[in-house]
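K.L.:
Below, each chain spelled out in residue letters.
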Amino acid sequence: MISQLFIVLATSSAILLIAYLTAISARDLIRLLISLELMFGAVFLAILPLFSIAATTAFAIAILTIFTSSSELLVFITAIVLLDRRKKGIDLEKVAVGGETL
Amino acid sequence: MDTTTLVIAVAGVFAILSAIGVLLTRENLYAALYMSITMLLIAAMYAAYNVQQVVVLIAFVFVGAVGMITIAIAATYRYVPSRRINLIWIAPVIVVFAVTSYLYYNFATLSMKAENLDVAFQRLPSEYLVLLIFLFSVMILMMLSAVKLARRVEL
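Just so you know, the sequences run in chain order A and B.
Residue numbering for the first sequence follows the numbering used here, starting at 40 and increasing by one per position.
Residue numbering for the second sequence follows the numbering used here, starting at 2 and increasing by one per position.
Quick caveat, the hints were computed from the structure, so don't treat them as lab data.
Don't take each hint at face value.
[As the list claims (entries may be wrong)] Once the Cα atoms are required to be at most 27 Å apart in a straight line, the calculated DSS-like pairs of lysine-lysine come out as:
#1 133(A) / 149(B)
#2 126(A) / 149(B)
#3 149(B) / 127(A)
Owing to the predicted nature of the structure, the values given are computational and were not obtained by experimental measurement.
Okay, chain B solo, but in the shape it has when bound (with noise of 0.2 Å):
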């Protein structure tokens, strides 16, 4: 096992084990917490392949602005009994876990190597010129949409 591998490996066990700590814990200050840890997580399994570019994405997007807010949130809004795991459906889950994880070990064997990503990352904006301005584009209309929506609350 090469050094990348065991690297993924390790990241990847601890990125469950933090989802298993959102799903187990009380409080949703600490469910934000290990979400951040996760996505800190998932990001490291992208600078093993060094795209240092999502990481940045990533731990600035995700963890700093999306993690944060929802870390806010939750420390506002503070109330213990927020979870209410239902048994029955552990079982399906395992289920399909089982099912997805042994077709992946049969047939996801290809080894994995991220190549020309700066090519990649310069070519980006030009070939996807259209789509990001659609995508600024639908950012503002959906927070003049959420502006309108709260104005026409009753308080």
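The shape of chain A in the complex, shown without the other chains (with noise of 0.2 Å):
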């Protein structure tokens, strides 16, 4: 009998680890910001177990993760719009190591 606890831990996992993958074979800011989503999305599916123990802790650790994936986009679109202005590119081949000279 498959508990409902392994089918949603199975599914943030999985999701998880794709997302890695996403970030790995990513070669531009856009595609790394997209599998960044993808992780705060396994986030919050591990995340959904903890609701049924405490759920005040949870719906903080859900605001706290929406707040941070917020701030990561906010992030993310700044290093774009400098990435474009000074590299005229996105590709993360066009930073160099470090990317110490943005």
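Join these two chains into a complex; the hints should help.
P.N.:
Next comes the structure, spelled out in structure tokens:
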């Protein structure tokens, strides 16, 4: 008998691993942004079982995750704009080691 | 298998399939669309447990704001060769997924039922007020930092 907890956690880990693969294979910043948002989706699924134990804490973690994701989007949009202005493109290959020239 | 289990199983399978679509599609625009579908299916799994507050948050913030902005950016910077899947990494990913699934199958056997959601949502602002204030402050600081960074760069 497959439990609901198993389905939720296995789906979460599958999406997280696919997001890792997407991040590894990304060649530009937009694909990297999409992979990070997939990782946040996996985190959201991992929070779901917490609602049956401590619902208030789970709500707090969910809101924290949303704020973190929004901040990540803000940073990534800034990075995309800056990279496009300086390097005339958003390829990751255009970035020097560590991106220190930005 | 009861209805809730069936719903989350079907939503989970389609969420994984659309996440694979993000990995395999060549264009960023379609990857962003697949990502939005994945987030909607995750919201559907929350809806199966009647956690409507988080469903609204995911649908409005993740799909409505973050997803749409990502789709808009992907449509703006639209060029094709945007992925290079490294086949060497697929084997360890499969091994990790097999091990975690085996462990979850053996040890994660409890049934889930979200309870006291209304009370929890009402208690949240009073119990985590400081946290929320800090989060708003961090967001405002990050916005100011982003504006400062963007203005420094020469056109």
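K.L.:
Against this structure, judge whether each hint is valid.
P.N.:
To see whether the hints hold, each was checked on the structure:
Of the pairs offered as hints, the one joining residue 133(A) and residue 149(B) holds, with about 23 Å between alpha carbons and a cut-off of 27 Å not exceeded. In summary, the hint linking residue 126(A) to residue 149(B) is supported, as the alpha carbons are separated by about 19 Å, within the 27 Å threshold. Restraint check for residue 149(B) and residue 127(A): the C-alpha separation of about 20 Å stays at or below 27 Å, so the hint holds.
Hint compliance for this structure: every hint is met.
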